[in-house]
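Generate the whole structure from the sequences, applying the supplied hints.
There are 2 protein chains.
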Amino acid sequence: MLYDLTVVQFSKMLNNLNAILDKAALVAEAKKYDVTVLLNSRLAPDQFNLIRQVQIACDTAKIGVARLAGVVDSAPKHDDSETTLAELKTRIAQTLDYLNSFKAEDLAEAAERHISQPRWEGKYLTGLEFAIQHAIPNLYFHVTTAYAILRHNGVDVGKKDYLGAMPYKA
Amino acid sequence: MLYDLTVVQFSKMLNNLNAILDKAALVAEAKKYDVTVLLNSRLAPDQFNLIRQVQIACDTAKIGVARLAGVVDSAPKHDDSETTLAELKTRIAQTLDYLNSFKAEDLAEAAERHISQPRWEGKYLTGLEFAIQHAIPNLYFHVTTAYAILRHNGVDVGKKDYLGAMPYKA
Chain L
409 MLYDLTVVQF
419 SKMLNNLNAI
429 LDKAALVAEA
439 KKYDVTVLLN
449 SRLAPDQFNL
459 IRQVQIACDT
469 AKIGVARLAG
479 VVDSAPKHDD
489 SETTLAELKT
499 RIAQTLDYLN
509 SFKAEDLAEA
519 AERHISQPRW
529 EGKYLTGLEF
539 AIQHAIPNLY
549 FHVTTAYAIL
559 RHNGVDVGKK
569 DYLGAMPYKA
Chain V
409 MLYDLTVVQF
419 SKMLNNLNAI
429 LDKAALVAEA
439 KKYDVTVLLN
449 SRLAPDQFNL
459 IRQVQIACDT
469 AKIGVARLAG
479 VVDSAPKHDD
489 SETTLAELKT
499 RIAQTLDYLN
509 SFKAEDLAEA
519 AERHISQPRW
529 EGKYLTGLEF
539 AIQHAIPNLY
549 FHVTTAYAIL
559 RHNGVDVGKK
569 DYLGAMPYKA
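Chains as they are written, first to last, in the working numbering: chain L, 409 to 578; chain V, 409 to 578.
Careful, some of the hints might be misleading.
Pairs involving identical chains hold if they fit within one copy or between any two copies, as the list cannot separate such chains.
When the alpha-carbon atoms are kept at most 27 Å apart in a straight line, the in silico DSSO-like pairs for lysine-lysine are as follows [stated by the list, open to error]: (1) K568 with K485; (2) K440 with K531; (3) K568 with K420; (4) K511 with K485; (5) K577 with K497.
Calculated from the structure, these hints are not laboratory results.
Structure follows, in structure tokens:
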């Protein structure tokens, strides 16, 4: 189930985020302003801007899955130098490619794996705790904050853009 | 696992939200303005205000879990009449009490359950799809948006307030 919760659902959310950024570009074009104004917008002076929110959403997905699969060094490196929408969309695409390289069996033992990161000073969470209490809430935090920055700046996005399509069955 | 993802983690997030609202009250008091100004704030004119974000976060948790457990009629009714912080905190507390009434075995068959709601016109999602693609992203959306409204209005909350404590092990 962790594969569906992370690899599959994180991919869906990053695709939704990508489409939301495309909507933002259309609004900027229609209103005749540079979309980089939106990319550099933030909700508070000491909060990360939209570029950084997207970068962290991507990193939360790629590093979260890499840690759960026990292959943290395999995640593609990004130096956080994106300044344009095209570069940001490339970052998302590279993250999606990386997520797509995982199969369900790669996360078969993820729930019991001990997950740590440098700032935790040697302490760890189980993979299940890490996924449920850390990676998943963080992913949604940054996607929602990116959405909120655009919403605050007049981009006409709605809950359906955030959630994406549902696999309804008749 | 759906019990941990929803009942347990939704409870944690609602407790975090409750603590964030307490922080907002302290800021309002220190800056000598009425906290209901914050409660009625929003990020865009056509977006729900903070009161509504909290109400929907609670409803997403209580109705989501009720549907997954197959007991949708058991969820406490709320008429969305909250106007004060105290009333909003009562709503959260009642939702937490309700979540706390579930045991892991109540959701043992949740993944395969067919979940529907009136607006889906007879279509359904499996419980697993509903949890991963609908209830969980919605819960985080409304908690993050509540957080963002406060952050935008100068309440000094941070990621740790949003995530809450982690069960680190040495």
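Comparing the hints with the structure gives:
1. K568 with K485: Cα proximity of K568 and K485: across copies only (26 Å, versus 31 Å in one copy).
2. K440 with K531: Classified as neither: same-chain Cα gap 50 Å, cross-chain 42 Å, threshold 27 Å.
3. K568 with K420: both (12 Å within a copy, 26 Å between copies)
4. K511 with K485: within (21 Å within a copy, 42 Å between copies)
5. K577 with K497: Neither. Shortest intra-copy (32 Å) and inter-copy (37 Å) distances fail the 27 Å Cα cut-off.
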